[in-house]
Amino acid sequence: MSIGGDGVARIPVLDRTVVVFIPKSAPQDELKIKISKVEKSFLFGEIVQIIKPSSHRREPPCPVAFECGGCSWQQFSESEQIRQKELLLKELFQKFLPQVQYDLAPTVVSNQVFEYRNRIQVKHLHTDLGYFKSNSHEIVPITDCPIAEAPIRAKIAELSRTLKPTADLKKYEIKINQDGQVEHYDIGSFGEGLAFSQVNNYVNQLLVEQTLKQIQVLLPLDFSGLLTELYAGAGNFTFALAEIFKKMRIEAVELNHRLTHAASEIVKAKKLIKQVTFFTTKVETFAFHHPLSSEIILLDPPRSGCLPEVITRIAEKNPEHIAYISCHPTMLGRDVALLMKISPQYQIKHLQIFDMFPQTDHFETLCILSRKL
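The numbering used here applies: residue -5 is where the sequence shown begins, and numbers increase by one.
These are calculated hints, taken from the structure and not from any lab test.
No false leads were mixed into what you were given.
Taking lysine-lysine and the BS3-like style, the derived pairs with C-alpha atoms no more than 30 Å apart in a straight line are:
#	residue 1	residue 2
1	Lys127	Lys28
2	Lys207	Lys268
3	Lys127	Lys158
4	Lys207	Lys264
5	Lys46	Lys31
6	Lys165	Lys127
7	Lys240	Lys262
8	Lys89	Lys311
9	Lys46	Lys26
10	Lys265	Lys276
11	Lys240	Lys311
12	Lys276	Lys264
13	Lys262	Lys207
14	Lys165	Lys276
15	Lys366	Lys241
Please put together the full structure from these sequences, using the hints given.
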């Protein structure tokens, strides 16, 4: 399987091997396919017939799974999903970091493989409410979404009945708020980043706990130095760190002013003003105009990863420890490779997948790096 969720077939043609990406396939399927798109160095195929289904293949629990772009891997078992995610990470590290030694810790799995999402985004056009079709802006109508928590599923059914037809494409966020109530709103009215949070509460809590556990291995509890936190969001890691490390100073950087405003209110409420400071600015701006910690830097960038100048600046600062939380393994491999190219003295102390998004090819990765003694 590949990043993006497609299966991969390698077909001999004359004197070379052609790579074909096949959506909605399962590992070890035997398939009859037709070529749907030709690129310079690879092809895309569509399944015409499943000649021999993989032992991992199953009937997707969702009736629109083969059309919808929301889930790429519902058609095979959760155990195989985990195995494929581990293979993807290992393949990417072999590509970007072929000489680097590491141990991949056991994957942290979700307690629920369905009904785990506490928020979703759906599209609405004319009378259709749903998700985009894979690689398309065509809406697949839905009245349910099995990966969303039960109250959200009920709200989808309600909205599919009650929303008035619209000639303009609208995007709605449906989420469970901090009070446990379901709310929905037009994203265009508030902006994409307003409700940013991890969508799987259970796995996110384990991710935060494991990150803190690893940092406690690196630093004493009475550590009184500075931790620089880049791409801090609304404080997913910040406040947990402040609670464990009472003397630690934390400078948290986040561009989204709504998130930093919310986080700053928590800082005041928890009386952490002397310990925690949020900066509303671009990470690259902060990195070049503000001192970074020489002891530990924590970063949790978006799917695009870090800008090269940010990694370069971190490498030049040469902190003792780096905690990198990644939601895109390709970018993690790329960024760590650049870091180690500039500062070869780093080694991977801990590497672990967190299955935040069952039924998809997405996952979170925790990577702890330390300077060699």
